[in-house]
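There are 2 protein chains.
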Amino acid sequence: MSAAAPDRPGEDALIARYFAPLAGEGADGLRDDAASLTPRPGHDLVLTADAIVAGVHYFPEDPPESVARKALGVNLSDLAAKGAAPRAYLLSLGLAPDWTEAWLAGFSAGLAEAASAFGCPLLGGDTVRAAGPAFIGITALGELPSGTMVRRQGARVGDRVCVSGTIGDAALGLALRLAPAGAALARLESDARAVLLDRYLHPRPRLTLAPLLRRYASAAMDVSDGLAGDLAKMMGGGRRAEIREADVPLSPAARLALAADPALLDTALTGGDDYEILCTVPPGAEAAFRAEAAAAGVPVAVIGVVGAGEGPPIFTTEEGVSRSLSAGSFSHF
Amino acid sequence: MSAAAPDRPGEDALIARYFAPLAGEGADGLRDDAASLTPRPGHDLVLTADAIVAGVHYFPEDPPESVARKALGVNLSDLAAKGAAPRAYLLSLGLAPDWTEAWLAGFSAGLAEAASAFGCPLLGGDTVRAAGPAFIGITALGELPSGTMVRRQGARVGDRVCVSGTIGDAALGLALRLAPAGAALARLESDARAVLLDRYLHPRPRLTLAPLLRRYASAAMDVSDGLAGDLAKMMGGGRRAEIREADVPLSPAARLALAADPALLDTALTGGDDYEILCTVPPGAEAAFRAEAAAAGVPVAVIGVVGAGEGPPIFTTEEGVSRSLSAGSFSHF
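Chains A and B, in that order, are what the protein sequence lines are.
Under the working numbering, the residues of the first sequence are numbered 838 to 1170, in order.
Under the working numbering, the residues of the second sequence are numbered 838 to 1170, in order.
Same shape as in the complex, but just chain A (with noise of 0.2 Å):
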């Protein structure tokens, strides 16, 4: 609808230059419309799309590199939470009106960076002028052996609930991005500071959990809209999760955090961004899976159970006193 900024490279340009050095088998070198993927015999694709815009899901100061490493990592996130390993990616990359080739060299970068780690090369996809904030869309195609995807709905009652890693890191980084310069939360030590806004900036996609999830989970999500929300999402139906809340595993930052304020422990448990797995297993199954994916390398905590009923996870303390949870209010929509 409008004409080229007269010095600035073209779409094709962009694309010879930033992205067809990302190109995987099947993409041609980005120089078609379209890519050809061949599927693997008796398996299934996973195919997830989740879109981050500037503003809304990261800071636009954000450093290109991350924000890169994030779009991918959130979707990659999902591939992993139904047992599945990545594939490829498309990207739709909305440029805004002041975007510059500086930003775009670093967040090609981080993507290569991202792509390599995670094992997940790009397939194609356009970029446009968003006409407003960045947007980074992406669609992730994953594999796994025919009808083994682990779905959201599959919890049974008395079944284990399970995380994986730690939680609320990524909302503190978030709420010490956003923190008032008194508040007790701006005062928190530099190191733990280092690891909250780490953990915010860069979600690490549970990739070496995937076949174990499809062995022992009968549910699993990851955890992006914080870990109430998404517990309410994965009961219903006559099921209820029942949280130990001494149980949810922690990191010595997050710990600092909450010792500096206490009601921080909501923004923990609602805040989001966490992107580690949920999962339930049946009851028995969880030593095995706790000590498989320990040997795997990432540490598993079964934080409570799948009751009978209804309503948002009841989260119980130590000493007894239990609360429902709903949502937090770090939504993003």
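Take the hints with a grain of salt, since some may be wrong.
Note that the list lumps identical chains together, so a pair holds whenever it fits in one copy or between two copies.
To be verified - No farther apart than 20 Å at their CA atoms in a straight line, the calculated lysine to aspartate or glutamate pairs in the EDC-like style are these:
id, residue 1, residue 2
1, 1070, 865
2, 1070, 848
3, 1070, 849
4, 1070, 1147
Hints are computed from structural coordinates only; laboratory data are not their basis.
Fit chain B to the given chain A structure using the hints.
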């Protein structure tokens, strides 16, 4: 990064109301974070991703049904050009801050109708706040017998250059919408206006040509950025398109527009948004290709030949006057 608008339905409610009814097999009613797809044995998948942005690729005041049809249509046009049959699509919808449920209802209705007409169900995606103008990112998946994808770069010197349908209608429709009140184009009679405006709003992906392209075409792409620019993309490497200007198929409406303002010929040849098929076929095969295309209901014209040389396509008039035409000014970037 920010709280949900207080009196708007959340993402899950929107998905359940407007998009779950569109979900195809493997999408599990959009209740999961990913979908599964079982590939057809002996077939490759063809993947393409194109985003359209309000104020860049469509007018914000366009009917939401039309915006939906365009968003899906431009992607399926890519699949058709590669010889693939549509299988499914994923949607990333970025809603502008002033979105309304009426807009979303129209958008999802248009998407449902287009997906049904094109045989391409919704498989997944997400809905986010755009923080600026709306954007619609679609990733479309097609299928074809293994190893038969038609490439953009397969033309050989001596091959015939063909296009489907008529060229320039959409670009003239866009010019109509942008024309000042006193312009010659603004006085076009209403039937012709309606045709041109409709071609701009409603791409018609040439899905019926896909199997014929696999059989006959040495190279193919869809005409999205203008005939001249797309011909240049298809050539290179010692090949240059030589086009007989009078053989470029024009609709009666386009002929009326050009009669009103002959300078609009360049708009027709360079303007874009045609979503017709541009392909090359070996000499001798064009008659069979055209006959089978006509039997399938799609007129195909032979407009020139692949010559030896470098540079943008050469257009030659009936009087023997030649000129080279570069990509037009209506770049989307």
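List, from low to high, the hint numbers that the structure doesn't satisfy.
none
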